[in-house]
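The residues making up each chain are set out below.
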Amino acid sequence: MQKAETMSQARQVLEQMIGRIGQSHFAIIPGVVYEDLGAKPDGERGGAGATGIDARVIQGRILVTQVEEGSPAAAQGVRPGWIISRVDGREMAPVIAKVAQTYLNSTQRELMLHHAVQARISGPVGGTRQLEFLDGTDKIVQKTISLAAPPGELTIFGLLPPTPVWIHARKLEGGIQYVAFNLFLDPARLMTAFGDAVASAGPSAGFIIDLRGNPGGLGIMANGIAGWFIDKPNQQLGVMQTRQGPLKFVVNPRLPANRGPLAMLVDGTSASTSEIFAGGLQALGRARIFGSRTAGAALPSLIDQLPNGDAFQHANANYVSESGRTLEGAGVTPDVEVIPTREALLAGRDPVLDAAVKWIGAQK
Amino acid sequence: MRKYLAALALLPWLGLAADPTLPKGEAILDQFIEATGGKAAYEKIHTEISTGSFDLTGKGIHGAVSSFKAAPNKIYVAVELAGIGKIEDGSNGEIAWNRSALQGPRIKDGDEKAAALREATFNEPLHWRKLYKSAETVAIENIDDKPCYKVILTPLEGKPETQFFDRQSHLLVKFAMTLSTPMGEVAVESRLTDYRKDGELLTPHRLEQSAMGQQFVITIDTVKWNDEIPKSRFDVPADVQALLPKK
Numbered sequence: 006m007q008k009a010e011t012m013s014q015a016r017q018v019l020e021q022m023i024g025r026i027g028q029s030h031f032a033i034i035p036g037v038v039y040e041d042l043g044a045k046p047d048g049e050r051g052g053a054g055a056t057g058i059d060a061r062v063i064q065g066r067i068l069v070t071q072v073e074e075g076s077p078a079a080a081q082g083v084r085p086g087w088i089i090s091r092v093d094g095r096e097m098a099p100v101i102a103k104v105a106q107t108y109l110n111s112t113q114r115e116l117m118l119h120h121a122v123q124a125r126i127s128g129p130v131g132g133t134r135q136l137e138f139l140d141g142t143d144k145i146v147q148k149t150i151s152l153a154a155p156p157g158e159l160t161i162f163g164l165l166p167p168t169p170v171w172i173h174a175r176k177l178e179g180g181i182q183y184v185a186f187n188l189f190l191d192p193a194r195l196m197t198a199f200g201d202a203v204a205s206a207g208p209s210a211g212f213i214i215d216l217r218g219n220p221g222g223l224g225i226m227a228n229g230i231a232g233w234f235i236d237k238p239n240q241q242l243g244v245m246q247t248r249q250g251p252l253k254f255v256v257n258p259r260l261p262a263n264r265g266p267l268a269m270l271v272d273g274t275s276a277s278t279s280e281i282f283a284g285g286l287q288a289l290g291r292a293r294i295f296g297s298r299t300a301g302a303a304l305p306s307l308i309d310q311l312p313n314g315d316a317f318q319h320a321n322a323n324y325v326s327e328s329g330r331t332l333e334g335a336g337v338t339p340d341v342e343v344i345p346t347r348e349a350l351l352a353g354r355d356p357v358l359d360a361a362v363k364w365i366g367a368q369k
Numbered sequence: 247m248r249k250y251l252a253a254l255a256l257l258p259w260l261g262l263a264a265d266p267t268l269p270k271g272e273a274i275l276d277q278f279i280e281a282t283g284g285k286a287a288y289e290k291i292h293t294e295i296s297t298g299s300f301d302l303t304g305k306g307i308h309g310a311v312s313s314f315k316a317a318p319n320k321i322y323v324a325v326e327l328a329g330i331g332k333i334e335d336g337s338n339g340e341i342a343w344n345r346s347a348l349q350g351p352r353i354k355d356g357d358e359k360a361a362a363l364r365e366a367t368f369n370e371p372l373h374w375r376k377l378y379k380s381a382e383t384v385a386i387e388n389i390d391d392k393p394c395y396k397v398i399l400t401p402l403e404g405k406p407e408t409q410f411f412d413r414q415s416h417l418l419v420k421f422a423m424t425l426s427t428p429m430g431e432v433a434v435e436s437r438l439t440d441y442r443k444d445g446e447l448l449t450p451h452r453l454e455q456s457a458m459g460q461q462f463v464i465t466i467d468t469v470k471w472n473d474e475i476p477k478s479r480f481d482v483p484a485d486v487q488a489l490l491p492k493k
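Protein sequence lines correspond, in order, to chains F and H.
As numbered in my numbering, the first sequence has no gaps in its residue numbers, which increase by one up to the final residue, 369.
As numbered in my numbering, the second sequence has no gaps in its residue numbers, which increase by one up to the final residue, 493.
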């Protein structure tokens, strides 16, 4: 650290130090992201411009799993099931091989692979990325895709960088209510929207909460959302163990609660509060979990400002789910493991969602 | 100022016995009433509205606080935080409740309810004899290099609370308690400073509190006595009422 001549070099040393801890929720957030909190995340700093592609590394290939409606990628005709082979001319296979090797024995491997891919296909809003795909017929397709502002409403919370938050709700076949949201943040808006979805579904409707790609946020929001699905008092999702003592994640019922079958969709990119939420309701026997194991990155943390204007995120507690399992390094194991296949994605299906819909249909 | 601690309760019992060489606890509490304006001044007021700001120290979380109290035992406190939304606490004298966008509504019970009802008691300092079984002075301790009487108050229901009164000014400068909540018991320490005259009463305008390793500051900007407060201000919200046992 003494040899560092610039703040950037000092930051790199700090990042190496906290990296050696080998646990989630330790990070240095550069002060530059706070310089203009009122501004849109314009990408030069945060790289928030997005193509509209969500991708996962499955069996060593980068599969497009979702293309956001109305996004630049959708406009270019990109389809789920395509394989991303190059970004801006750079072959992606060695990139993901390196990340996969680094996190070979970590539950966070899928999360880190996702970060690595998304970081490379995002960038400054208004910029472009040159992507090479293998389409559904394995033909090489080149696309120049512009980077648009990410969906959602910009939210400022404490020392977190300004972050877009979105929630989508829609009805599926059989009256099943489907809700997805990208972060457990902005509770005043997100909880209201979630409550509206619960109310419109009715108390006995089947419900699906999609936590794939949701990296967490405010831990306490897990209890708050769980309240719409628990009608008895004194139920808890788990316990946060702090130096000062245990804090039980107790659920306050929001009556009338939904009593219908509840499915949650998760994968290796579901982290932190997503795991607290899914793991807790699974342990209570209230939800059935579909997908693949979550990231096992579930340490509650705080963010403090450093003297140079950077912020330091650091874990301040352990978290034990109601099942008695520590989530950090273990994650939530689904009740029904479903891994998306390229064939299913190319056919326009979402195998994880399909499995949940099928299960809910069988409960009636 | 205690009203902002709607969720706070007491310090774990320290096992200290009253020190007969020190002034009795009840004398210190009576001195506090005199130092802050006197019994007659307290008895002239029947409502209190105060507003201010909230800052979670070093975490970039800020907001506004407002509090409404009415005799004999009604209270409503709202803390509106940027990025979180509104957190409300209230009591109509019988039911004590809390609700927020974060966690939804709930009804307080047990020690937590007892502490909330004590806080809801209007002009609480005048009524401490009805709210506590005992007040024992156990020591003199320095707070900011000033000697203070340490008084342990044992409520009728719940665990003891510890209060520190400046030996010279007789003002309450610190208190410590354990917050009883469904999430668990949390030790809380609070410092009261910046006493100012509002009408005939002296009130603290700054509260610094620490709990679970975090600190926050509440700064009071305005205090109004005897302004009319609509009765509906203290109504139990519908989503809280939905939690009440069906009769």
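Please note that the accuracy of each hint is not assured.
Rough simulated footprint, nothing fancy, chain F against chain H, three-plus residues with beta-carbon under 8 Å [stated by the list, open to error]:
hint: 1; stretch: 276 to 287
hint: 2; stretch: 302 to 314
hint: 3; stretch: 319 to 325
hint: 4; stretch: 377 to 388
hint: 5; stretch: 478 to 492
Calculated Cβ distances over 10 Å to all of chain H for the following chain F residues [to be verified]:
hint: 6; residue: I33
hint: 7; residue: T160
hint: 8; residue: A193
hint: 9; residue: T197
hint: 10; residue: M226
hint: 11; residue: G232
hint: 12; residue: P238
hint: 13; residue: G250
hint: 14; residue: P258
hint: 15; residue: R259
hint: 16; residue: L260
hint: 17; residue: P261
hint: 18; residue: R347
Since the hints were made in silico from the structure, they are not lab data.
From a predicted model like this one, the values you see are computed outputs, not experimental measurements.
C-beta: ideal position from N, C-alpha, C; glycine also.
Hints and how they fare:
With 0 residues bearing a CB less than 8 Å from a CB of chain F, the stretch 276 to 287 of chain H misses the requirement of three and the coverage assertion fails. Requiring three or more residues with a Cβ within less than 8 Å of a Cβ of chain F, the coverage given for the stretch 302 to 314 of chain H holds, as 5 such residues are present. Evaluation of the coverage hint for the stretch 319 to 325 of chain H: breached, as 0 residues show C-beta separations to chain F shorter than 8 Å, against a requirement of three. Counting residues of the stretch 377 to 388 of chain H whose beta carbon lies closer than 8 Å to any beta carbon of chain F gives 0, which falls short of the minimum of three for the stated coverage.
Counting residues of the stretch 478 to 492 of chain H whose beta carbon lies closer than 8 Å to any beta carbon of chain F gives 3, which reaches the threshold of three, so the coverage claim holds. Once the 10 Å rule is applied to beta carbons, I33 of chain F is consistent with being away from chain H; the minimum gap is 16 Å. Not every beta carbon of chain H lies more than 10 Å from that of T160 of chain F, the smallest distance being close to 6 Å; the non-interface claim is violated. Under the 10 Å C-beta cut-off, the non-interface status given to A193 of chain F relative to chain H is violated; the minimum distance is some 3 Å.
The beta carbon of T197 of chain F sits about 7 Å from the closest Cβ of chain H, which is not more than 10 Å, so the claim that it is off the interface is violated. Not every beta carbon of chain H lies more than 10 Å from that of M226 of chain F, the smallest distance being close to 6 Å; the non-interface claim is violated. G232 of chain F, annotated as away from the interface, has a beta carbon of chain H within 10 Å; the closest lies near 4 Å. With 10 Å as the threshold on Cβ separation, the claim that P238 of chain F sits away from chain H is violated: the shortest Cβ distance comes to roughly 8 Å.
In this structure G250 of chain F is not separated from chain H by more than 10 Å, as the shortest Cβ-Cβ distance comes to only about 6 Å. Its closest Cβ contact with chain H, about 7 Å, brings P258 of chain F to no more than 10 Å, contrary to its assignment away from the interface. Interface exclusion of R259 of chain F from chain H breaks down, the closest Cβ pair being 5 Å apart, not more than 10 Å. Non-interface status of L260 of chain F relative to chain H is broken: a Cβ of that chain comes within 10 Å, the nearest being about 4 Å off.
The beta carbon of P261 of chain F is not kept farther than 10 Å from every beta carbon of chain H, the shortest such distance being approximately 8 Å. For R347 of chain F, the non-interface assignment is confirmed: its Cβ lies about 40 Å from the closest Cβ of chain H, beyond the 10 Å cut-off.
In summary, the structure is inconsistent with hints 1, 3, 4, 7, 8, 9, 10, 11, 12, 13, 14, 15, 16 and 17 from the numbered list given earlier, while agreeing with the others.
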